[in-house]
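K.L.:
So the protein sequences, as listed, match chains A, B, C and D.
The letter at position 109 of the first sequence is residue 614 when you use the numbering used here, and the numbering goes up by one with no holes.
The letter at position 124 of the second sequence is residue 756 when you use the numbering used here, and the numbering goes up by one with no holes.
The letter at position 595 of the third sequence is residue 600 when you use the numbering used here, and the numbering goes up by one with no holes.
The letter at position 22 of the fourth sequence is residue 27 when you use the numbering used here, and the numbering goes up by one with no holes.
In case anyone wonders, no lab produced these hints; they're calculated from the structure.
In this text the structure is predicted, and so the values were computed from the model without any measurement.
Some hints could be false.
[Stated by the list, open to error] Computed, partial: chain B to chain C, Cβ under 7 angstroms: (1) Met639; (2) Leu642; (3) Ile646; (4) Lys653; (5) Ser741; (6) Thr766; (7) Met769; (8) Ile770; (9) Gly843.
Ideal placement from N, C-alpha and C gives every residue a C-beta, glycine not left out.
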Amino acid sequence: MFLQAVMIVLLAPFIQGVIKKTKARMQNRIGPTVWQPYYDLMKFMKKDAVLSVHSSWLSVATPYIVFVSIVTAGLFIPTYITNNGLSFMGDIILIVYLFAVARFFTALSALDAGGSFGGMGSSREMALSAITEPALLLSVFAVLLSSGTTKLPDFIASLTSDGWSWFSPSYGLAFFAMLIVLIAETGRIPVDNPDTHLELTMVHEGMLLEYSGRYLGLMMWAAQIKQLLLLSLFINLFFPWGIASLGGHMFVSFLLYVAKLIALGVLLAFIETMYAKIRLFKVPKLLGSSMILSLMAILLRVFE
Amino acid sequence: MEQWIAMLLLISAIWLLQIRKISDSVPILAFQSFVLALMAGAMWYETKLSHLFVAALLTLIVKAIIIPAILHYTIKKIDVHRRVERVTSKYTSLLIAIILSVAGFYVTSRLHLPSTKFGAPYLPVSITLMFLGTFIMIDHKKALMQGIGLITIENGLFLVAQSISYGMPMMVELGVFFDMLVTVVIIGILSFRIHSTFESLNIEKMSNLKG
Amino acid sequence: MADFETRLFVLSLLFFVFGTFSALCFSRRDKWANIFAHSSALVGGLLGTVAASLVLATKQPISVTAWTIVSDVTLRFKVDTLSAYFLFVISVLAVAVSVYSIGYVTEYYGKKPIGWLGGGLNLFLLSMVAVITVDHSVSFLIAWEFMSLLSFFLVMFEHEKPETRKAGYVYVVMTHFGTVFIILSFLTLFFFTNRLDFQSFTQAASDLPASVKNIIFLTSLIGFGTKAGMIPLHVWLPRAHPAAPSHISALMSAVMIKTAIYGLLRVNYDFLKGGATWWGAVVLGIGVLSAVLGILFGVAENDMKRFLAFSSAENIGIIFMGLGASLLFRSYHEPLLGALALTALLYHVLNHAIFKGLLFMGAGSVLYATHTKNINELGGLIRRMPWTAVLFLIGGMSLAAFPPLNGFMSEWATFQSLLHLSFSLHSPIWKTVGGLAAATLGLTGAFVAGSVVKHFGTAFLALPRTSHAAKANEVPLAMRFGMVVLAGGTVVFGVWPGLVLRMTNQIVENYFHQSLTGHAMLYVPFHRSVESISLGWMTIIFLAILLLLIALLRVSVGKSNNHYDETWNCGTPLVPTMEYTGTSYSHPVLMIFKRLYGIERKIDVQGEYAYYPKRIRHRLKIEAIIETKLYRPLIRGTVWLSQRLRAIQNGNLQSYLAYMIITLIVLLLWIR
Amino acid sequence: MGEVSLLLIIPVMTAVLCWQIKNHPIGEKLQVAGALLNVFIGLSIARNAFFVAPVTGWHHLIYIDALSAFNVMLIVLIGFIASLYSVGYMRHEVAERIISEEKVRHYYLWFHLFIGTMLVVSVVNNIGLLWVGIELTTLVSALLVAFYRKGTSLEAAWKYLIMGSVGIAFALLGIIFLYLSGVDLFGESAESLNWTVLHRAAGQLNPQWTLIAFIFVLVGFGTKAGLAPMHFWLPDAHSQAPSPISAVLSGVLLNTALYGIFRIYTIVNTTLDGKAASYLIFFGLLSIAITVPFMLVQHDLKRMLAYSSVEHIGIITLGVGIGGALGLYGAVLHMFHHSMAKSLLFFAAGNITQKYHSKRMERISGVLKTMPMTGSIFLIAAFAITGTPPFNIFISEFTIMRAGFQSGHLVATVLFLLFVVLIFSGMMYYVVRMAFGEAPAKVEKKEMSRWSTVALFLPLIAVIVFGLYVPPFFQEIIQQVAFVLQGGKS
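Generate the whole structure from the sequences, applying the supplied hints.
P.N.:
Printed below as a string of structure tokens:
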């Protein structure tokens with residue numbers, strides 16, 4: 506478990522870098538190196554922090570809470586091994602709610618300083634999350650329905666054991682449903698724009714506006730980890746092939762896992778360059794369509 | 633004989649509906665009561681039941697003399713010589729009266745009650761009298777006329793009481809007479825007060841208590 | 006052994022009685038009334054807690070016969086495991102609330118009769134205990150209405166405010182309507198069993214014809230549902246709860262509406278013992294409806310207590326989901342799953358009682374310190390009242406079902422039971438429904454989180470918006486202590502589900518002959534897989550990682566040195582009016598769900614250029630569709646009709662006489 | 006035997022004395038004393054009737070069984086409380102210059118005569134005399150209704166008198182028919198109207214005659230008892246009379262009229278073996294239903310209470326109609342409970358109207374602030390009268406509902422429940438508005454006189470205690486009365 510914790514923490518910035526790099530290339534820019542996020546984080550950690558005079562202890566506590574709760578959630582998500590021996594204490598529901606905790610504190614800290622940008626971002630985030638969360642759950646359930654458990658390791662075990670049924674249509678639908686949710690949750694275009702601070706468009710970044718130094722670093726790191734976790738969740742729900750159970754040939758599966766991550770990252774970057782950001786009040790429709798997809802997936806699964 | 637009496641009673645009741653002045657009602661009422669007394673006398677003559685005689689006597693005294701006297705006094709005191717006011721027109725009221733009489737006869741006929749020795753024809757008449765009495769109260773707007781309607785109803789009662797059941801037990805009859813008397817007196821008192829308060833006996837003025 | 010518990014139970018009742026009378030005796034002396042009333046309530050609560058836990062431990066029911074009311078109606082208290090569980094909930098809340106009140110009622114000193122308030126509180130507790138312990142339908146009805154009546158009077162405590170009077174009226178009428186339905190269901194049971202005591206209901210009711218069972222089920226559902234505040238019968242709830250004094254609202258929201266759940270369990274599990282499948286579906290549907298609509302209406306609120314009231318409706322919805330699921334499982338003969346669902350709902354009953362009590366107390370503390378419940382007039386309280394802030398935050402997190410607090414545990418169990426509708430039942434409908442229901446539960450969870458952020462953020466963070474908020478002071482010790490008790494509860498019952506399971510299993514085993522195991526971990530062995538959750542361990546890991554992180558940062562880069570400066574506000578100094586208000590916070594949601602709110606939005610811009618306005622007024626009129634579309638027409642129609650009907654009494658004597666004679670003639674024509 | 010004559014004489018004596026004694030303070034105390042004395046006598050008679058044997062006398066002119074005794078008990082109790090209350094009430098009226106002192110003496114005169122007439126009604130054995138008594142109550146109480154010589158009170162009195170007399174006349178016809186139905190059994194003798202005799206022979210009576218007799222009696226006495234649709238005089242009279250009189254009218258007079266109906270009903274029902282019950286159920290339900298709109302939209306406090314009386318008379322009638330041991334038990338219990346609660350309510354309303362100088366409910370608010378005692382009692386009574394637990398009315402209403410379900414009158418019972426809850430919501434709307442809130446500025450915060458508050462307590466105790474505990478001896482009494490109503494056979 507400790508290994509996994511370290512792994513996700515260290516791997517997250519790399520994936521972020523990969524995505525940024527790919528994007529840059531697709532926009533015919535050289536772009537920073539894939540290691541850039543690591544430099545950023547180190548820089549942030551060293552820098553002094555400026556906090557608002559109006560802010561309370563909450564602003565200081567939040568980054569730690571957010572970071573830790575996301576890392577904790579990471580321990581329950583299979584990455585390159587099915588079972589790291591922790592799954593008895595949590596399942597997908599706990600994961601979703603740990604993410605919710607992180608989001609909750611982020612939104613609170615955004616209000617702490619009293620600026621209207623923070624409030625704007627926070628209120629948008631919470632409004633969108635109210636639709637993202639059921640969409641995520643629904644798409645996950647659509648997949649889990651086949652194995653009848655909310656425990657991811659058991660699910661993956663059953664999935665790998667009784668063959669990988671990618672071609673069943675319900676999987677296809679669920680796949681697209683979850684892809685939409687994935688984009689929304691990682692705060693990427695067309696739902697949110699991660700590299701802007703323009704108040705009309707931003708959602709997640711707006712909440713971090715008052716942060717600087719180590720606190721900002723932790724927040725961004727946490728965001729990257731969350732992105733990694735969602736990607737690996739996605740991967741293991743849909744392409745769990747080659748994943749090792751405890752004591753299996755770890756190394757191979759680890760390499761496979763990284764490869765899948767990179768591939769998915771590239772895909773995300775691709776999508777991001779293809780589309781433009783849509784209006785805030787269009788987003789619910791998008792997520793709605795995701796829910797419809799997962800509902801259809803469930804129906805197909807049920808009535809087949 | 634019985635037929636005649638019955639007819640007279642009916643006519644007197646309908647007549648009460650047709651009067652022009654309130655003061656006219658008093659003699660008609662007296663006449664009605666007199667006929668009633670006559671009837672009681674006749675019953676006594678046929679059945680030789682002593683208390684029927686007493687009843688006849690009481691009817692004569694109380695109903696045909698005292699009560700009209702009281703009413704007359706009241707009317708004089710309030711001096712309502714004016715014309716009576718009706719809800720319906722004279723002819724409509726006549727029509728309704730006829731209908732009510734028919735209804736009364738019909739009702740009693742379809743009750744097919746076991747007939748008694750004497751005065752079988754009196755039953756429908758008495759019920760009709762009650763209907764007509766109530767109609768008098770409904771039709772006339774002058775408060776006093778409702779007293780008169782009431783007395784008509786009571787006459788109808790007496791008709792039954794005397795004829796078919798050969799009168800009630802003595803004590804009850806006395807009580808009833810007493811009540812009649814008191815009622816009329818109180819009606820008199822109240823109509824005095826009403827007249828002094830409302831400057832009229834028109835009960836349509838007295839419709840402030842609604843809902 | 007049992008007689009010891011009996012003594013404790015009777016003693017606790019007597020303490021409530023004593024509290025009532027002593028408070029009334031001292032109604033001249035506020036201080037004494039306060040102390041006597043609430044201390045005796047406290048003792049009564051403690052005794053009740055002990056008695057309840059003993060009964061749950063030993064499974065020996067308490068039975069006390071008080072007296073005979075009329076011929077065959079006896080007032081007897083019988084505490085079996087189900088009653089004991091609810092007794093436990095009530096008593097715990099009684100303890101916390103009575104401690105809290107000692108501080109809270111000081112606000113009313115000299116202004117309002119403390120004696121009546123304290124006495125009312127005691128009687129209210131007494132009546133609630135009676136409701137869940139009497140075992141005869143007539144005495145149940147008496148206790149039930151007595152409870153409603155007392156809560157009505159307590160709601161009316163600040164009857165100078167017109168809206169309070171309106172709330173009280175709506176409340177008392179709706180609860181009476183509900184009672185009528187309960188009476189109907191009892192009478193129906195009586196019609197077939199020819200007895201009125203619960204004993205014979207339990208024996209006879211299970212083998213009634215199906216149609217009769219359906220009638221009983223529906224009437225009892227409507228009857229108890231009104232009190233529980235299920236949508237669409239909830240309209241009294243968001244009115245009455247905010248109107249009452251806060252410690253009373255805490256009791257009403259945390260405990261009183263739970264007595265309805267008790268009633269439903271009694272009827273469905275003890276009396277009817279199984280019925281049609283659609284029962285579960287109906288309850289589940291109502292649950293989903295209540296949960297979603299309840300919180301959606303709640304999101305729009307800027308009044309703390311109104312929001313909490315709406316969220317009570319939402320939580321009732323969650324409880325109903327559990328109930329519906331358990332009924333479904335029962336009708337499909339899935340004992341283990343039924344047990345899980347029943348546990349989930351019982352667990353949530355306790356949890357909701359605890360955190361909703363805590364939150365209402367928190368709102369009460371804010372009210373006490375600032376004399377306003379409107380969050381748009383608050384702000385920055387976290388610095389003025391740190392204790393209240395933290396406690397309120399804990400309550401809010403538990404309300405939003407965040408691990409490691411208790412709210413999460415029961416929601417997890419509910420999630421599991423809903424999901425296993427689709428995992429374990431074979432009918433395709435339930436497979437679909439289960440997933441959807443679970444998703445809606447997620448939806449409500451997210452909305453709750455959003456509203457909690459809104460309320461905590463607006464009321465406690467950033468700059469104070471008014472002088473009330475700026476001059477607020479921390480509340481007295483007693484109030485804080487009362488809240489701390491419940492806050493402790495949220496943590497303990499979160500990380501140690503075993504405590505609750507030990508109690509609920511006693512009940513669940515009666516009905517499903519199955520039980521869930523667990524100490525620090527809730528463990529459900531299904532035939533296909535094993536579901537388990539352990540917040541205790543999760544917390545430990547969480548803390549471990551936290552410490553590790555801090556330590557690492559310390560050693561690698563040392564302590565972060567912070568500078569403090571003005572919030573960046575496009576270069577202009579930040580003033581409170583620029584802060585995000587509650588209204589603006591919930592605006593996106595309102596826009597997304599326009600249809601539900603019947604929003605009337607008016608923006609009028611003054612000034613010659615629209616882009617350089619002198620003044621902008623923005624009015625947002627929100628009304629819940631249920632009231633406008635359902636209730637208002639009904640009421641208007643009734644009044645209109647009765648005004649027409651009143652015409653028969655037209656004040657005219659002649660027409661009255663006409664009625665008489667017509668009646669007579671008709672009757673004479675009627676008879677043979 | 007002497008007791009009974011005392012029972013009838015004392016009220017008359019009191020009346021005359023109050024009228025004659027010019028000294029007002031003595032007079033008012035004296036009338037209270039008289040009423041109190043009568044309570045003792047009445048209760049002792051009642052005790053004999055309940056637990057020993059029916060009291061008879063004056064060669065079978067007097068016959069007091071459980072039913073009569075029950076009525077006597079109610080009359081003396083309510084009478085006493087009302088006379089107690091009248092003291093404070095009338096003092097206030099005099100102080101307010103509304104009436105003069107010798108008008109008060111007239112008031113006491115008529116008041117006690119009124120009580121006397123009602124006692125006569127309930128002790129006589131002969132149905133004819135019973136009729137006479139009821140007519141007398143009409144006449145006397147009409148004068149009391151007209152007590153304030155205002156236009157409205159005269160109007161009310163006139164309507165009351167006329168409708169009452171017409172109804173009574175119908176009733177007399179009914180009684181004559183009843184007499185006829187028995188006359189060929191017993192021949193013309195005073196005995197043949199004694200209801201003991203009739204009752205014994207109920208089996209052989211002529212069914213046609215008895216049925217039509219019952220119809221006339223029902224419409225007739227029904228008018229007096231305020232059964233819909235003959236009730237229209239009732240709200241006027243009850244709202245215009247002085248409050249203590251309203252209490253007596255609602256609390257006792259209606260019961261007395263019902264007593265007349267039930268007496269005859271027991272005979273008729275035995276003759277027609279249960280055919281008559283349906284009429285009672287119909288009129289009972291109609292009376293409950295007809296009050297609903299007037300409760301939902303109402304402006305006058307005392308009218309509202311009057312309508313609620315109509316409702317409760319309906320409930321009692323319904324209970325008797327439903328019948329069976331349980332139904333009758335409930336009905337009788339309801340009689341008692343209604344008298345207590347309603348008189349309490351009227352007394353409280355009397356205090357309120359005197360304090361606010363108005364019966365218009367929109368002018369009344371914040372009673373709890375101006376008169377905490379009266380206000381809280383008013384609230385309790387209001388909840389009690391609408392059948393809310395834990396107060397007495399609920400017990401009886403629920404018993405009647407039980408009986409309804411037991412005897413299979415499901416529709417009637419459900420309708421009954423529906424109407425009751427509608428009435429509750431109507432009444433509460435106004436009660437809440439009156440009791441709570443801020444009082445108008447001009448009204449001073451002070452209870453009415455001690456007399457006016459003390460009188461509230463006796464019924465209050467009944468209202469509260471009997472809701473939670475009906476003492477066994479009282480249950481025994483109710484059993485007895487129900488037994489009589491059942492026609493002596495269980």
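K.L.:
Would you mind marking each hint as holding or not holding in the structure?
P.N.:
Hint check results:
1. Met639: violated (23 angstroms)
2. Leu642: Where the cut-off is 7 angstroms and the nearest Cβ of chain C is about 17 angstroms from Leu642 (chain B), the hint is violated.
3. Ile646: Since chain C brings no Cβ nearer than about 16 angstroms to Ile646 (chain B), farther than 7 angstroms, the hint is violated.
4. Lys653: violated (20 angstroms)
5. Ser741: violated (11 angstroms)
6. Thr766: At about 5 angstroms, which falls below the 7 angstroms cut-off, the nearest Cβ of chain C leaves the hint on Thr766 (chain B) intact, so it holds.
7. Met769: Met769 (chain B) check passes; min Cβ-Cβ to chain C is 5 angstroms, inside 7 angstroms.
8. Ile770: Hint on Ile770 (chain B): holds, closest Cβ of chain C at ~5 angstroms, below 7 angstroms.
9. Gly843: holds (5 angstroms)
Hints 1, 2, 3, 4, 5 from the earlier list are contradicted by this structure; the remaining hints agree with it.
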